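**Q** Read top to bottom, the protein sequences are chains A and B.
Here my numbering is used: the first residue of the first sequence is 1, the next is one more, and so on.
Here my numbering is used: the first residue of the second sequence is 316, the next is one more, and so on.
Hints in this document: simulated from the structure, not taken from any laboratory.
Predicted model only: the values in this text are computed from it and were never measured.
Be aware that one or more of the hints could be misleading.
[As the list claims (entries may be wrong)] Mimicking PhoX-like on lysine-lysine, the simulated pairs with C-alpha atoms at most 20 angstroms apart in a straight line are:
1. B:K618 to A:K118
2. A:K118 to B:K332
3. A:K27 to B:K455
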Amino acid sequence: MLNRTADNVARATPEPLARKIRGISDKGLAWLFISPTILLLLAINIFPLFWAIYLSFTNYRANRPNEVVKNLGLSNYQRILGDQDIWIAMQTTAHFVFWTILLQTVIGFTLAWLIDRKFRGHAFWTTIILVPMMLSPAVVGNFWRFLYEPQIGLFSYVISFVTGIPPTNVQMLSNVELAPWAIIIVDTWMWTPYVMLICLAGLRSIPEYIYEAAEVDRASNWRQFWSITLPMALPFIMLAVLFRGIENFKMFDMVNLLTGGGPGSTTEVASITLKRQAFESWRTGYSSAFAIILFVAVFGLANIYVKALNKVKQR
Amino acid sequence: MSLTTAHSVVAPSANSKRIAGVIIVAYALISIVPLLWIFATSFKTPPDSIAYPPKIVFQPSLEGYCNLFTTRTRQTPEYINSLGPATGLCDETVRKRNMVIAGPSNFVPRFVNSLIIAFGSTFCAVFLGTLSAYGFSRFKVPLADDLLFFILSTRFMPPIAVAIPIYLMYRELGLSDTALGMILLYTAVNVSLAVWLLKGFIDEIPREYEEAAMIDGYTRLQAFWRTVLPQATTGIAATAIFCLIFAWNEYAFAALLTSGTAQTAPPFIPTIIGEGGQDWPAVAAGTTIFLVPILVFTILLRKQLLRGITFGAVRK
Numbered sequence: 001m002l003n004r005t006a007d008n009v010a011r012a013t014p015e016p017l018a019r020k021i022r023g024i025s026d027k028g029l030a031w032l033f034i035s036p037t038i039l040l041l042l043a044i045n046i047f048p049l050f051w052a053i054y055l056s057f058t059n060y061r062a063n064r065p066n067e068v069v070k071n072l073g074l075s076n077y078q079r080i081l082g083d084q085d086i087w088i089a090m091q092t093t094a095h096f097v098f099w100t101i102l103l104q105t106v107i108g109f110t111l112a113w114l115i116d117r118k119f120r121g122h123a124f125w126t127t128i129i130l131v132p133m134m135l136s137p138a139v140v141g142n143f144w145r146f147l148y149e150p151q152i153g154l155f156s157y158v159i160s161f162v163t164g165i166p167p168t169n170v171q172m173l174s175n176v177e178l179a180p181w182a183i184i185i186v187d188t189w190m191w192t193p194y195v196m197l198i199c200l201a202g203l204r205s206i207p208e209y210i211y212e213a214a215e216v217d218r219a220s221n222w223r224q225f226w227s228i229t230l231p232m233a234l235p236f237i238m239l240a241v242l243f244r245g246i247e248n249f250k251m252f253d254m255v256n257l258l259t260g261g262g263p264g265s266t267t268e269v270a271s272i273t274l275k276r277q278a279f280e281s282w283r284t285g286y287s288s289a290f291a292i293i294l295f296v297a298v299f300g301l302a303n304i305y306v307k308a309l310n311k312v313k314q315r
Numbered sequence: 316m317s318l319t320t321a322h323s324v325v326a327p328s329a330n331s332k333r334i335a336g337v338i339i340v341a342y343a344l345i346s347i348v349p350l351l352w353i354f355a356t357s358f359k360t361p362p363d364s365i366a367y368p369p370k371i372v373f374q375p376s377l378e379g380y381c382n383l384f385t386t387r388t389r390q391t392p393e394y395i396n397s398l399g400p401a402t403g404l405c406d407e408t409v410r411k412r413n414m415v416i417a418g419p420s421n422f423v424p425r426f427v428n429s430l431i432i433a434f435g436s437t438f439c440a441v442f443l444g445t446l447s448a449y450g451f452s453r454f455k456v457p458l459a460d461d462l463l464f465f466i467l468s469t470r471f472m473p474p475i476a477v478a479i480p481i482y483l484m485y486r487e488l489g490l491s492d493t494a495l496g497m498i499l500l501y502t503a504v505n506v507s508l509a510v511w512l513l514k515g516f517i518d519e520i521p522r523e524y525e526e527a528a529m530i531d532g533y534t535r536l537q538a539f540w541r542t543v544l545p546q547a548t549t550g551i552a553a554t555a556i557f558c559l560i561f562a563w564n565e566y567a568f569a570a571l572l573t574s575g576t577a578q579t580a581p582p583f584i585p586t587i588i589g590e591g592g593q594d595w596p597a598v599a600a601g602t603t604i605f606l607v608p609i610l611v612f613t614i615l616l617r618k619q620l621l622r623g624i625t626f627g628a629v630r631k
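If we strip away everything but chain A, and leave its shape as in the complex, we get (with noise of 0.2 angstroms):
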């Protein structure tokens, strides 16, 4: 079928353009095939990014956009860092990357572990397993806010029958101490599945002679754990933990739905923080300052990401 549409197309091709395509040299025809694409992503994301730039250094309010505009130069900078709430937010991802990355790293690893035993069935149950990580983060979000609904909640239920705490008392989302681990939770039940692929594929790549020279050296299976397999499926992990922590570090839709941030400021992580600056405060300049200093921290997070991808490959 593919083959009839060129020949229609190229029937089709007036002479003249079609003459020109056939002598297009392969540099012209190799920059006809990539410009469009980088003139997109000039368009809808490097503009809009000098514009925010220009935008960091002023007073401007998009909901009064017809005010004057002042140059306030640098001192937008200087509030976000002097920014108590700022400093509260960077704390609260800190603390939800680094805890949402342990549990799924050790959970994920163990998972990949124990299925790279083939027992029968473990395709299908690996399947079953990746489904969490395929959903809209929002939908999850919503959803599990009324799994941890006190009561009538299917989680709050379990963990009554569990601990015995009274129904009423297991308020996950408005509790202040219980709310930043339910979006941990929630995380982690999502995004295992992800480390566990993952970590899977780095266990697979370990040659098997590598295990026979070692059972020939008779190395214990402890020993064989730590030096050959945790060693070698390193590259894998961190390529996991890398990309997971840009994600989460930049982390809004699952937890906007969820606790949108509260209660309080509890769960109010770097971009919820940056929506209620930008979209509810409508403090424009100020927020686009912000949202340049979190693209240039997850910039600098990609560079490292890219130079281990790159160094997966070449295994």
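Got chain A; can you put chain B on it based on the hints?
**A** Chain B in isolation, oriented as in the chain A frame:
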């Protein structure tokens, strides 16, 4: 715990396999419970959905689905009795709660928006991505590594940070709350994934095919059409599904940049409310309908999943 590794000369013992199997099956079952619960809730009546203790056994009802697709108004029993006989299952269900159907809800239009925007942006991203990927794979492009990094890095921008200037730009261009605006935006986000994934797939197609075709008198472009594209169809299909899933699931941009005519399902579903709080069976029904395509895609994609989530770096 036994520490026999799967790769030792001695294959994992039957015992260690059994223990591993039990743990994995237990984890899989527990992790799937929330989804099963949502599915079950979509078939409960509102009182059953908020019963204590939570009901595992219940009389199935389609009320959640009825409420999802309709808007209703409360009426007096006298008024309802004065109406003719109920004209269908939903009408009957709703009348039992002293309500009448006032009209269709926004769910169908929002769902259709999701379809249009997801398919539109996927088509554009895969089209652009295939061309670029071929360009990067077959030609010496100056600064190729830097360009590829630039393309990938756009994917890592925090959505809210991007949304601020995009919001202003779309307001100027009249693209706020339009399907076209969302398609452009999702294409830009997805094209990075498409380029990276497809470059991997095209790299795997031997160059000899094109070279042979070109010796036979084909131009580079014809060779691309007739030898590379047909062989890349699996890769293109897998990439398309990944783009589709992203666009389907996306919430942050949709919530900030659409509010009415172009709103997609993810920002809409949480806003489904009944009288006195969230109508959980209706939300669960919306969620179920919304998630089914993703479940199908996950099963279709399971062999390519690893590749997709690592931008083509890990190929198994």
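**Q** Measure nothing beyond the straight line between the CA atoms of B:K618 and A:K118; if it is 20 angstroms or shorter, mark the hint as holding.
**A** 16 angstroms, holds
**Q** Is the Cα-Cα distance between A:K118 and B:K332 20 angstroms or less?
**A** 7 angstroms, holds
**Q** Is the Cα-Cα distance between A:K27 and B:K455 20 angstroms or less?
**A** 8 angstroms, holds
Against the hints set out earlier in the document, no violation occurs for any number.
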